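Colleague: Starting from the given sequences, assemble the full structure and let the hints guide the process.
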Amino acid sequence: MSLIRKLRSKPWETPGFPGPDTDGGVLLPDKKVGLWVFIVVMASVFGLFTVAYNMRIELATDWIAIPKPPVLWLNTAILVLASVAFERAKAAVHKKLTGDVKLWLVVGGAFTIGFLLGQYIAWQQLLASGYALSDNPANAFFYLITGMHGLHLIGGLWVWSRTMLRVWQGFEVTLSVELCTTYWHALLLIWIVLFGLLLST
Amino acid sequence: MAYVAIADRQQELHDPQSFLTKYVWSQDHKVIAIQYALTAFAVGIVAVILSNMMRLQLAWPNEFAFIDPQTYYQSITMHGMIMVIYLLTALFLGGFGNYLIPLMCGARDMVFPFMNMLSYWVYLLSVVILMSSFLVPGGPTGAGWTLYPPQALLEGTPGSNWGIILMLVSLVFFIVAFTMGGLNYVTTVLQARCRGMTLMRLPLSVWGIFMATVIGLLVFPALLVSGIMMTFDKLFATSFFMPALISMGESADYSGGSPILFQHLFWFFGHPEVYIVALPAFGVVSDIISTHSRKNIFGYRMMVWAIVLIGGLSLIVWAHHMYVSGMNPYFGFFFATTTLLIAVPTAIKVYNWVLTLWRGNIRLNVPMLFAIGFIFTFTHGGLTGLFLGNVATDATLTDTYFVVAHFHMVMGVAPLLVVMASIYHWYPKVTGRMLNEKLGKLHFWVTFLGTYSIYLPMHYLGFLGIPRRYYAYGETDFIPNSAVDVNISITIATLIVSTIQLVFLFNLAYSYFRGKKAGPNPWEATTLEWQTPDTPPQHGNWGPELPTVYRWAFDYSVPGAVNDYIPQNQPSDETTGDAHETSDTGGGHQ
Ligand code: HEM
Ligand SMILES: [Cu+2]
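If you read the sequences in order, they're chains E and G. Using this note's numbering, the letters of the first sequence map in sequence onto residues 1 to 201. Using this note's numbering, the letters of the second sequence map in sequence onto residues 202 to 791.
Note that these hints are calculated values from the structure, not bench results. Please read all numbers here as calculations on a predicted model, not as lab measurements. Do not take every clue at face value.
[Claimed, not checked] One-sided excerpt, in silico: chain E residues whose CB lies under 7 Å from chain G:
id, residue
1, Ile4
2, Lys6
3, Gly16
4, Gly34
5, Phe38
6, Ser44
7, Val45
8, Met55
9, Leu59
10, Ala60
11, Ser134
12, Ala140
[To be verified] Negatives, chain E to chain G, calculated, CB over 12 Å:
id, residue
13, Val41
14, Ala43
15, Asp62
16, Trp73
17, Leu74
18, Arg88
19, Thr98
20, Asp100
21, Ala122
22, Ala132
23, Leu144
24, Met164
25, Glu172
26, Ser176
27, Thr201
Using N, Cα and C, we set each Cβ at its ideal position, and we do this for glycine too.
Modeller: Dropping the structure here:
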């Protein structure tokens, strides 16, 4: 039943038990729904950073573009690989191949840590060539946006570490792995948009 | 049959054992709701005290040693911020949302109880951080609740060092807390409704709280983003918002930043914030009015659509707070149009409340009085909004007491009257006892008439051109003596209104021990929270079996039914007294 039809129904005309499939929530586990709502919030945060970024360029004349260290391309590739690894972990967990799940979880986490290190290296390179945070809004936005994105990944790593713990203790982790995978894809997508934004200015 | 699987799913219910897990580190939505509400009330009292200090100063300038220009600005700021965010938002969503959503949806608890608990503790942390700014060197920030840069960060504004940082940090924590709570409310409404509770059978309270939460989740990020960027400007001397300027005779380290950018971000949050407070009030008041008129709510579907529409439109009106910021006149035209458009669904709601009362069997008890009072103040504030929504009239009225009068009517007094209505309405469910009716009526009349005598004259002050956010007016030609007298009378009314709230607090405490026993359903209401096996509801709410819902939330005075109300969980064949399904699909509801 589509949402529009639901909203057009006349509840006062039809008392009685509505039957099993009249309603009753989105047919997903609660945690997945919760995660999707959170992804919307994240999209709002980064969307607003993007808007602020563009408006700050428009509203003043002091913008001096900051060079984008080439290592960012490598980092992007690594983050793609992390997403792929989580996708593999998800496939493995559905086939109940615990060994593979462990393997791909480790790989996904390692790539993520690699990405974060890579971002740190990019920061160091910029700082070493004299692009200080407060010198120009372009610099400030660069550090701020990449930093915020990194923080979200670190938050993800915390959930990842708990999933690792559970899988090694032999608990059921299907849902956790699925959630991690979705979250990593979302952050990959956000990173690609942000990277495009940075490159284009 | 995934549906049944969801309705019947096993929820982990850890029955709390010790006092600590039951009342302090509780994961029960009802306890968390009360924790939220009590904390919000506690900071609310601080905000009321601050407003009284300001009023004393405005009536008798320079008579009082305890308030100087610095403290006045700090009081304005803390008063505004506390009222809007830490009191009303926290109370409506963290308090009422937490209490009502699971009970009204027929769930055992929120879907993520642990996160729900965390939400409260992070909220408490944000309150503690905010309050600590009274103790740091320089005191709290005096930038106004809008925190506009550049002045918020500059020497000369009170609390421009510690105060503003603590404010921003506290807001960030509040947003984290709100997000954790909000994920819960949205997911619970989507996922955890009991069998038979379709979306369109939800009471309007749930719709209002749900939509407010959705808006909040979308716009609090704007406050987060601007707060973080401002913290960077303060701590790391970036220039997101700070233009090049000379402060205290020296040129500051900033260049090129845009205060207007901050205003856009702030109001993209700030305007919907009004609706984060108003939508739950709309929903709750609809249910209260329907219950106490013994009549179904007029135009249920329209009410739902209006809530959704208002929520959506509230996202595209923000720049009506910036008409005088020098923006392009075409923008002004656009935002004036959207602002006036929002009046349409809002007016529909007001008509529907009034039409619900029309020929109802009105029971004028205390919750109903407050609810009707709300219709007055809200309509009143809404009408003055039309003046401020138009660019030309706003240009002369902006930053005068007319604005202060407007927003206090529409988002100060009106939601607070609903808060009172709800407390009188649901207190019997929360505690098992009724609040004292006589004290309640006294409380209502003094509050209602008192707030009118506070805010009605402020419109007049606004027409005179008296600016807001002034510590004292001194000898000013255009301010007649009558304005001075009006200020004194407003302050006297303020003192009376504030004092009468002590009667309310007394009533809350006294009735808890001595109030009349309420029984499970003292108002003869239909919604699920009144059908719990225990009052107050126990952990898990429903005993061994979840309720099943057979009808919408407004079956009052159904022709042919034995009682003048039919609870949502009552099967059709039990309503008429005989065992056959007969007239239950019949008339009575349009
Ligand atoms: C006890 C009842 C209240 C009284 C007597 C009161 C009084 C005041 C006063 C005197 C001011 C400062 C006006 C100025 O100098 O410009 C003010 C500002 C304000 N009040 Fe209230 N108020 C009350 C309740 C509320 C409530 C319930 C809200 C919730 C929305 C609220 C929100 C605000 C806001 C947002 C400001 C503006 C702060 C600013 O300019 O930065 N007030 N109020
Ligand atoms: Cu607005």
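Colleague: It remains to establish, for every hint, whether it holds in the given structure.
Modeller: So, going through the hints one by one against the coordinates:
1. The beta carbon of E/Ile4 comes no nearer than 11 Å to any beta carbon in chain G, farther than 7 Å, and the hint placing it at the interface is violated.
2. A hinted interface residue such as E/Lys6 counts as satisfied when its beta carbon comes closer than 7 Å to some beta carbon of chain G; here the least separation is about 5 Å, so the hint holds.
3. Because the beta carbon of E/Gly16 sits about 5 Å from the nearest beta carbon in chain G, less than 7 Å, this interface hint is met.
4. With a least beta-carbon distance of about 5 Å to chain G, the hint placing E/Gly34 at the interface is held under the 7 Å criterion.
5. For E/Phe38, the interface hint holds, the least distance from its beta-carbon to any beta-carbon of chain G being 6 Å, beneath 7 Å.
6. About 4 Å separates the beta-carbon of E/Ser44 from the nearest beta-carbon of chain G, less than 7 Å, and the hint is met.
7. Restraint check, E/Val45 versus chain G: the minimum CB separation of about 4 Å is within 7 Å; hint holds.
8. For the restraint placing E/Met55 at the interface with chain G, the shortest Cβ-Cβ distance is roughly 5 Å, inside the 7 Å limit, so the hint holds.
9. Hint status for E/Leu59 relative to chain G: holds, with the closest Cβ pair at about 4 Å, below 7 Å.
10. With a cut of 7 Å, the hint placing E/Ala60 at the interface with chain G holds, because the nearest CB-to-CB distance is about 4 Å.
11. The beta carbon of E/Ser134 comes within 4 Å of a beta carbon in chain G, closer than 7 Å, and the hint placing it at the interface holds.
12. At about 4 Å, the closest approach between the beta carbon of E/Ala140 and any beta carbon in chain G falls short of 7 Å, and the interface hint on this residue holds.
13. At the 12 Å boundary, the C-beta of E/Val41 falls inside the reach of chain G, the nearest C-beta of that chain being 5 Å off.
14. Against the 12 Å criterion, E/Ala43 falls within the reach of chain G, whose nearest CB is about 9 Å from its own CB.
15. For E/Asp62, the requirement that its beta carbon stay farther than 12 Å from each beta carbon of chain G is not met, with the minimum near 3 Å.
16. Annotated as non-interface, E/Trp73 keeps its C-beta farther than 12 Å from every C-beta of chain G; the closest such distance is 26 Å.
17. Distance to chain G confirms E/Leu74 as a non-interface residue, since its nearest Cβ pair spans about 27 Å, more than 12 Å.
18. Taking the minimum C-beta to C-beta distance to chain G, about 28 Å, the non-interface status of E/Arg88 holds against the 12 Å cut.
19. No beta-carbon of chain G comes within 12 Å of the beta-carbon of E/Thr98; the shortest separation is about 24 Å.
20. Its beta-carbon lying about 29 Å from the closest one in chain G, E/Asp100 satisfies the requirement of being farther than 12 Å from that chain.
21. At roughly 18 Å from the closest C-beta of chain G, the C-beta of E/Ala122 stays outside 12 Å, upholding its exclusion from the interface.
22. For E/Ala132, the requirement that its beta carbon stay farther than 12 Å from each beta carbon of chain G is not met, with the minimum near 9 Å.
23. Listed as a non-interface residue, E/Leu144 fails to keep its Cβ farther than 12 Å from every Cβ of chain G; the least gap is roughly 7 Å.
24. No Cβ of chain G approaches the Cβ of E/Met164 within 12 Å, the least distance being about 20 Å, so the stated non-interface status holds.
25. Its beta-carbon lying about 14 Å from the closest one in chain G, E/Glu172 satisfies the requirement of being farther than 12 Å from that chain.
26. Every beta carbon of chain G lies more than 12 Å from that of E/Ser176, the smallest distance being close to 14 Å; the non-interface claim holds.
27. No beta-carbon of chain G comes within 12 Å of the beta-carbon of E/Thr201; the shortest separation is about 15 Å.
Figure legend: structure checked against the earlier numbered hints; hints not met, in rising order: 1, 13, 14, 15, 22 and 23.
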